[in-house]
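Visitor: Protein sequence lines, in the order shown, are assigned to chains A and B. Here the first sequence is numbered in my numbering, starting from 561 and rising by one per residue. Here the second sequence is numbered in my numbering, starting from 17 and rising by one per residue.
Heads up, a few of these hints could be off.
Stretch by stretch, here's where chain A covers chain B in the computed footprint (C-beta under 8 Å, at least three residues) [what the hints assert, rightly or not]:
1) 275-282
2) 394-408
3) 420-433
4) 459-473
It is worth saying that the hints were derived from the structure and are not from the lab. The beta-carbon is built from N, C-alpha and C at its ideal position, and this holds for glycine as well.
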Amino acid sequence: MQSYFHEIADHLTSQLQGDEVYTCSFSGEDSDFVRFNQGQVRQAGSVVQRGASVDLIQGQKHAAGWATLTGEAEADKARLTALVKRLREKLPHLPEDPHLLYATDVQSSEHVGDNKLPAPEHSLEEIRSSAGGNDLVGIYAAGAIGRGFANSLGQRNWYETWNYNLDWSLHHAGDKAVKAGYAGFEWDDATFRRKVEVAGRQMDALAREPRTISPGHYRVYFTPAAVNDLVGILSWGGFGLQAHKARQTPLLKLVEGEASMSEAVTLRENTAEGIAPNFQGSGFIRPAAVTLIEGGRYKDCLVSPRSAKEFDVPTNGASAHESPESLDMAAGSLPTDEAITRLEKGIYVGNVHYLNYSDRSTCRTTGMTRFATFWVEDGEIVAPLNVMRFDETMYRALGDKLLGLTSEREMILDSQTYGARSTGSGRMPGALVEDFTFTL
Amino acid sequence: MIEDLEKRFREVLPDVDYCSLRYESESGESIAVRRNVLQPVSDHTDAGAMVTVAHGGGLGYAATSDLSTSGLREAVTRAQAWAARTAGRSVADFSALPQSDARGEYESPVARRWTDTSLGDRIDLVRGPCEQLKTDDRIVEWYAGVSFADVESLYLNNHGARIHQRFHFVVPVMSCTANKGAETETRTLGGYGNGRQGGLEILDEIGFPTEAQRLSGEALQLLDAPNCPQGVMDLVLAPDQMILQIHESIGHPLELDRILGDERNYAGTSFVTLDMFGSYRYGSDLLNITFDPTIGSQMASYGFDDEGTVAKKDYIIKEGILLKPLGSATSQGRAGIEGVANARASGWNRPPIDRMANLNLEPGTSTLDELIGQVEKGVYMATNSSWSIDDSRNKFQFGCEYGRLIENGELTTLVRRNKYKGVSAEFWRSLKGVGNQDTFEVMGTPHCGKGEPNQMVRVGHATPACLFAGVDVGGDA
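Kindly produce the complete structure, drawing on both the sequences and the hints.
Guide: So, in structure tokens, the structure goes:
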């Protein structure tokens, strides 16, 4: 894919006229998708897709366009020639863009992973056989992912990886299930089987008579997967400079210094230790890390090139939507093995579901418990809990009500596949919280 | 192009139980003006095809953007390989399912094509409303935008089906944010719910050129408004909140693939079970829900779904009784129950699954004044701002941008931070009044997410304003 990308990038350069400049973002993947229900295959297939976004720039005027490509260089050169022509015809109708900013310091880079993926027949059979008679539901997504950036100044960035992400759950009955994941670069049968065995042990607890609790305030342990979703929603307009300036960020009180979180809360966009490319669509290279919240206080935000120009600050290589792609929460000191013991009496939340802000101004979030969520007494799991709705401000949950974060963290690779397979990730600890508010 | 593609497909057609080609192309443009600055104008062209093979009971698909004969042949080979791998390992015998032999065409009605205007004129259509939003120093963020898309699809199979459809989409968006200290309030023009099929005439129909100052004024007024009161009271919902209520607590739980368990790892399951169809009281006698692909301007109108099934209007819930699921031909075959034509894919690179299309609440007989006039103590809420529901689609909590108290049958104080919660299985039985045709609005959104691999599709909801009795309303948690 890389040599093909360089070939079409060079072709784009050859299409320019006068003082025109282009930037180009490329995205491609060869993906296998196998969807499971009841331990059997529901849908299986493969998707080969390539596409490029080109921004044709003349002075401060520019026009952008996306074209699906075939992966065959000669055919795609013709498509890109047509795209450039179309964009050039638009330029006279467009005003100068005061917020246009693209990288002019050439910083080329290359990351090419190894293909250690098993044959699709092997994965399919291993998943089916490991599930045994269990009701396994989920999706196996695997294959090559390529991302590239090029401009007419000579910059070339290339990221290529082969990975798999099995996002799955074992189901007992109704909505009672155990959620798990197995993602990485080199599939190992034994590791996967151990994960199935661990999930199977939680299934035993799910078989007990479910408990229903009344709305109220409870002591809660959130697993790293649940914390990933709780903290992850802050990525929705929380960390970008534009949202700050528009005063729409749910962290406005934190940014203004009117509120704080626990000193244990430190969040970073940790590009160096994530799996996402370290370059973005205008050609800027991301720093190794950007500290967003440090010791419970606002530290920095993500600044896209457009925001940088609009608000006259430097960009830190954020994408246009200014959301973290490799969010990292610092570990605490609570050993994970002691989490349920320290919970004593309360709720073990394996996963949360469908989060949304119920009041942005107070960073109040609502959502549901899901999958392996249990009622705990005397530090022991007693019974599965029927789903509960929470409605709580993160200034409390991650503030004075946060009792501790676990010393171990989990690296969670994003399994989302809207349009293309995600390269996002989160590295999160578990969290012990008191007085957490459940409403329904 | 279409004829060439058909010829190429016939050349590579394998000798299998079932083979289809689903081609889709899309071209479009997005124009947005933020804080009176034109944002980068972007367009897109996308085209590709999915080949699906069922053979020996297995099912496989292969998607490609290489539409040459060799590209299609390679896709057929991949799809056949997947069908072979999954034979005897699948949830159903896919070779045994009935397949479409339908032939036909469909195209969205359009009065004024966006491509018939100049780029400069299209920019002016967006710039004007945006500039009207900034009416006060307290307006800190303002935005207007329109996305256009033209989609062409072709479905062919080895059972004789040939379906050619063209769609034209317009999605206008407008928002305005006011701020005072730590207080921030946003008003939008129906959220993302004003998507339609058609042309530039849609902008006039929804008031895009004229609504800016109203939104700006309301955002400013909300800054000083009290919070919505807490308590159990009557609730009148405007169409731009009703679409969300229908979508989340009727649409998703009635998707047959959820009921069959396909979505349990991602979007979730359903509190609805197969035995409920035909007898379950989903709502009060006033509740009439239709699957209606026949309203030409609605977002998800079509002549045929992505499995080639002919689409027609059908009652899903009638006088409160649950009749049919939102289940496609494949799901119907798996479940042994009648459904509708709702196999839909987000594009050429994703396989069809059960989706909402146009799911509408049929109008009743009350004027809006009559709905409000019935309420002694309650709230009127408009425009969704927050949405969350459990994975069985039962316990929900929704928020609205705009609220007005209703006291003794009259709209009174403006309120903010409006939210209400409930349980789907009970909520619709509290439906106490349904607005008439004058309150009926055709709406739609491009953002309905579901499926593994994930798919975002366009859906439509048309609804009148509705009155619900005894709802748990609350401004604070």
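Visitor: Using a Cβ cutoff of 8 Å, are there at least 3 residues of the stretch 394-408 of chain B near chain A, or does the coverage claim fail?
Guide: holds (count 7)
Visitor: The stretch 275-282 of chain B covered by chain A? Criterion: 3 or more residues, Cβ-Cβ distance below 8 Å.
Guide: The restraint on the stretch 275-282 of chain B holds, since 6 of its residues have a Cβ under 8 Å from chain A and three suffice.
Visitor: Report holds or violated for chain A covering the stretch 420-433 of chain B, Cβ cut-off 8 Å, minimum 3 residues.
Guide: With 1 residues closer than 8 Å to chain A, the stretch 420-433 of chain B misses the three-residue bar; violated.
Visitor: Using C-beta distances, would you say chain A covers the stretch 459-473 of chain B, given that this needs three or more residues below 8 Å?
Guide: Since 6 is at least three, the answer is holds.
Of the numbered hints given earlier, the model fails hint 3 alone.
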